[in-house]
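Enquirer: Spelled out, the chains give:
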Amino acid sequence: MIKLIAVCAVSAFTGVMIQKSRAQDQELKIGVVAAESGSFVSAGNTIVAAARLASQQINDSGGINVGGKTYKIKLYIRDNRTDVNVTIAAARELVNDIGVTAIWGTETHDFSVSMAKITGSAKVLQFSGNSSLGAVLDDKSVAPGGWLHYTFQTEPQEWQRSGSTAEGVLTLLTPLLPHPPQHSVVFVGNDATGQYLSSHYVKALEARGQKVDLVKYPPDTTDFSPLLTRIKGLNPDIVHFWYNGDSTLTAFPQALKLDVAPSYFLFGVDPGIYQQRQLKSDKPVTLSCVPVCWGASPSPVVQEYFKKYFDLGASKGPQSSVSLLYYDYFFMYAKALEKVGSIDKPDQIVDALLSMSYQGVVSPVPLTFNVHHQVTFATQVSLVKPGTSDQFVSTIQQPPPSPPPGDPGG
Amino acid sequence: MILAFLIAFPLLNLGYRFLSLAITTGVTAIALYGLGIQFGQAGIMSVGHAAFVGIGAYTAAIVAGMFGIGFWLAIPLSIVMSALCAGMVGLPSLRVGGQHYIIITFCFCALLQIILTNGGTFTGAATGLDVGSIDHLFGINFDQLRNIYYLVTLVLIICLVTTYLIINSPYGRTLRAIRENEMLARAIGINIGLHKIGVFMVSGAFAGMAGILQAYYLRHISPILYGPFPSLYLALMIMLGGSRLIYGPLIGAVIVSFLPEIMRLDPIDSRIAYGIGLLIVVLLLPGGVSAGLLDIYRRLRPRSLK
Numbered sequence: 001m002i003k004l005i006a007v008c009a010v011s012a013f014t015g016v017m018i019q020k021s022r023a024q025d026q027e028l029k030i031g032v033v034a035a036e037s038g039s040f041v042s043a044g045n046t047i048v049a050a051a052r053l054a055s056q057q058i059n060d061s062g063g064i065n066v067g068g069k070t071y072k073i074k075l076y077i078r079d080n081r082t083d084v085n086v087t088i089a090a091a092r093e094l095v096n097d098i099g100v101t102a103i104w105g106t107e108t109h110d111f112s113v114s115m116a117k118i119t120g121s122a123k124v125l126q127f128s129g130n131s132s133l134g135a136v137l138d139d140k141s142v143a144p145g146g147w148l149h150y151t152f153q154t155e156p157q158e159w160q161r162s163g164s165t166a167e168g169v170l171t172l173l174t175p176l177l178p179h180p181p182q183h184s185v186v187f188v189g190n191d192a193t194g195q196y197l198s199s200h201y202v203k204a205l206e207a208r209g210q211k212v213d214l215v216k217y218p219p220d221t222t223d224f225s226p227l228l229t230r231i232k233g234l235n236p237d238i239v240h241f242w243y244n245g246d247s248t249l250t251a252f253p254q255a256l257k258l259d260v261a262p263s264y265f266l267f268g269v270d271p272g273i274y275q276q277r278q279l280k281s282d283k284p285v286t287l288s289c290v291p292v293c294w295g296a297s298p299s300p301v302v303q304e305y306f307k308k309y310f311d312l313g314a315s316k317g318p319q320s321s322v323s324l325l326y327y328d329y330f331f332m333y334a335k336a337l338e339k340v341g342s343i344d345k346p347d348q349i350v351d352a353l354l355s356m357s358y359q360g361v362v363s364p365v366p367l368t369f370n371v372h373h374q375v376t377f378a379t380q381v382s383l384v385k386p387g388t389s390d391q392f393v394s395t396i397q398q399p400p401p402s403p404p405p406g407d408p409g410g
Numbered sequence: 411m412i413l414a415f416l417i418a419f420p421l422l423n424l425g426y427r428f429l430s431l432a433i434t435t436g437v438t439a440i441a442l443y444g445l446g447i448q449f450g451q452a453g454i455m456s457v458g459h460a461a462f463v464g465i466g467a468y469t470a471a472i473v474a475g476m477f478g479i480g481f482w483l484a485i486p487l488s489i490v491m492s493a494l495c496a497g498m499v500g501l502p503s504l505r506v507g508g509q510h511y512i513i514i515t516f517c518f519c520a521l522l523q524i525i526l527t528n529g530g531t532f533t534g535a536a537t538g539l540d541v542g543s544i545d546h547l548f549g550i551n552f553d554q555l556r557n558i559y560y561l562v563t564l565v566l567i568i569c570l571v572t573t574y575l576i577i578n579s580p581y582g583r584t585l586r587a588i589r590e591n592e593m594l595a596r597a598i599g600i601n602i603g604l605h606k607i608g609v610f611m612v613s614g615a616f617a618g619m620a621g622i623l624q625a626y627y628l629r630h631i632s633p634i635l636y637g638p639f640p641s642l643y644l645a646l647m648i649m650l651g652g653s654r655l656i657y658g659p660l661i662g663a664v665i666v667s668f669l670p671e672i673m674r675l676d677p678i679d680s681r682i683a684y685g686i687g688l689l690i691v692v693l694l695l696p697g698g699v700s701a702g703l704l705d706i707y708r709r710l711r712p713r714s715l716k
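So the protein lines, in turn, are chains A and B.
The numbers in this note's numbering rise by one with no breaks, and the one at position 318 of the first sequence is 318.
Take the position in the second sequence, starting the count at 1, then add 410; the result is the number in this note's numbering.
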């Protein structure tokens with residue numbers, strides 16, 4: 001009988017302690033809006049995977065200590081089905097029904113902008129990895145009361161990335177060509193992102209002495225041969241496939257068959273994918289990823305990140321690296337909350353984010369946001385050794401100090 | 411009963427997600443009522459209707475950006491602009507009909523998307539244009555989702571009533587005469603050209619209204635919203651719901667907007683479901699789901715009430 005009473009007492013005590021421990025852990029509601037289905041699924045899935053990894057790591061390490069309370073992240077993941085109406089509905093639900101304090105996503109400019117109109121008025125922080133947000137992030141929009149005051153761009157400004165990418169591509173290709181490259185063709189998808197990105201990249205190439213022709217292809221093109229034949233007629237030294245990795249993987253083999261140019265640059269194609277697909281060219285090919293390649297990163301920190309990322313079950317796809325546009329900012333946000341000491345003071349959290357630096361995975365130097373809520377970090381460019389599918393030489397290029405002539409910045 | 415449900419919907423407290431989807435469904439239904447008159451009454455199908463929604467939306471966004479004209483003053487501009495463009499696109503229908511005209515509407519839609527994508531700062535190019543919020547009216551704050559819902563519902567009811575009046579007017583009967591036998595209609599003195607252009611303009615006006623509502627709801631528009639694919643979806647909705655009965659467009663919009671949400675279908679599964687649904691409708695319910703429901707109701711109704 002005594003044993004029974006003792007067991008009951010111990011059980012009850014343990015139960016109370018567990019309850020008490022749980023009660024001490026507060027819930028930090030964070031929303032994720034991403035395409036888990038539809039045409040942007042490959043990018044969308046990486047946001048979700050990054051969010052799961054980051055929140056799991058934060059929670060496993062004891063959570064976030066905010067004002068003496070311990071918060072554990074609870075993710076509310078919503079599939080936007082690559083549909084703006086569903087994106088808006090999901091954002092409304094997260095902000096108004098669930099009451100999240102911050103939202104990660106989405107993967108496209110249009111959706112992010114529409115969502116920012118909801119998060120901004122509700123004072124909910126939004127982290128979006130679209131460099132094209134630079135077109136709307138300005139002094140007025142990010143000022144207190146501005147509609148983007150709570151929005152943060154987790155991808156570098158496009159003139160920075162274009163500059164570092166162009167520098168990396170030219171540095172790696174020049175020694176392998178019979179003469180220094182002078183003529184580049186930028187081959188780009190004619191959509192919102194393509195137009196915005198190529199406008200900066202063309203300026204970056206021109207600033208490095210290149211004569212540049214811009215050739216646009218309609219989104220969803222599958223037969224690139226007419227346009228590639230036209231490009232071949234221009235006699236370029238380098239053809240730059242810019243920006244959609246999925247389209248590039250369709251167009252590049254066609255370019256090799258047509259022998260369009262003596263060298264190539266494939267933006268958004270990871271060395272891991274190049275190797276996986278056993279692509280091979282006797283011409284020099286350079287690759288770069290958004291933001292760091294998972295296939296051939298020289299950084300041990302990045303290698304370790306992707307090991308954990310793939311161990312969690314995420315797929316090895318052309319856009320897996322995009323996850324690093326979202327991962328670090330969970331830790332940065334957590335640090336800002338700890339600094340402010342409250343999860344309910346969005347204006348102070350914004351100020352904390354703007355004043356801090358954080359050593360993340362994506363960059364060898366600490367991450368900081370500028371006054372327009374944009375982050376800065378370097379770009380990795382890899383060269384595939386001609387005739388191979390799995391031998392790469394990589395370089396990390398820091399962004400230039402200022403936009404090139406004719407580039408308004410942003 | 412349906413009107414009562416529409417008005418009471420926010421009171422069900424289903425959450426902001428459903429309220430938001432209800433708003434976009436309402437906006438889509440407004441555009442569909444225009445297409446319903448054009449296809450259901452006059453018998454002229456279009457697979458480019460989203461283009462006229464886009465013209466309404468872009469008119470509102472451009473006049474807001476360039477001249478500071480807000481939502482309320484921009485409504486007539488959007489409606490008139492879409493109606494005029496629809497009338498112009500309708501001109502070839504005087505010479506060609508059937509599938510040839512359908513291809514023309516498709517081409518117009520694709521062309522408009524190209525123009526918007528390459529329109530520079532005027533159209534915002536592929537990035538699109540931003541729009542502010544709806545100005546307060548009589549003290550009503552339209553930043554609140556519920557108030558936007560009631561605004562869209564009010565416009566939807568106006569469109570529904572207008573459609574009802576058109577269907578039951580001499581004008582509606584004239585359109586149906588053209589639909590059933592164009593040569594006979596001409597023989598009895600009906601000005602076919604005038605009525606065809608007229609119905610395109612009416613259809614365009616509905617689309618223009620839907621466009622401005624969509625622009626001010628999303629507060630950011632881009633060419634991708636108004637291309638051939640969204641147009642095909644509108645055509646699908648009208649065929650699923652039924653174009654000839656008053657509730658057909660509304661039912662079509664509800665099916666396509668809410669079915670994936672309620673059944674948790676991803677976009678690929680949704681398209682398969684729509685394809686199967688369309689086959690069933692074409693084979694078994696040529697008048698659409700609304701006609702099928704009406705038929706079932708008539709069969710089940712007690713004889714004493716017939």
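To be clear, the hints were calculated from the coordinates, so they are not data collected in a lab.
Check each hint, because a few of them may be wrong.
[Claimed, not checked] Simulated pairs of lysine to any residue, SDA-like, Cα-Cα distance not exceeding 20 angstroms:
| # | chain 1 | residue 1 | chain 2 | residue 2 |
| --- | --- | --- | --- | --- |
| 1 | A | LYS345 | A | ALA122 |
| 2 | A | LYS216 | B | LEU521 |
| 3 | A | LYS216 | B | THR531 |
| 4 | A | LYS123 | B | ALA520 |
| 5 | A | LYS280 | A | VAL393 |
| 6 | A | LYS307 | A | LYS123 |
| 7 | A | LYS123 | B | PHE552 |
| 8 | A | LYS29 | A | GLY341 |
| 9 | A | LYS216 | B | LEU642 |
| 10 | A | LYS216 | B | GLY529 |
| 11 | A | LYS216 | B | GLY530 |
| 12 | A | LYS385 | A | GLN276 |
| 13 | A | LYS123 | A | ASP344 |
| 14 | A | LYS140 | B | GLY529 |
| 15 | A | LYS280 | A | LYS216 |
| 16 | A | LYS345 | A | ASN65 |
| 17 | A | LYS216 | B | PHE552 |
| 18 | A | LYS123 | B | ASN551 |
| 19 | A | LYS216 | B | MET476 |
| 20 | A | LYS123 | B | GLN554 |
| 21 | A | LYS140 | B | GLY542 |
| 22 | A | LYS216 | A | PRO253 |
| 23 | A | LYS123 | B | GLY542 |
| 24 | A | LYS216 | A | GLN276 |
| 25 | A | LYS232 | A | ASP259 |
Enquirer: Of the numbered hints stated previously, which ones are contradicted by the structure, given in increasing order?
Expert: Checked against the structure, the hints that fail are numbers 4, 6, 9, 14, 15, 17, 19 and 24, while the rest are satisfied.
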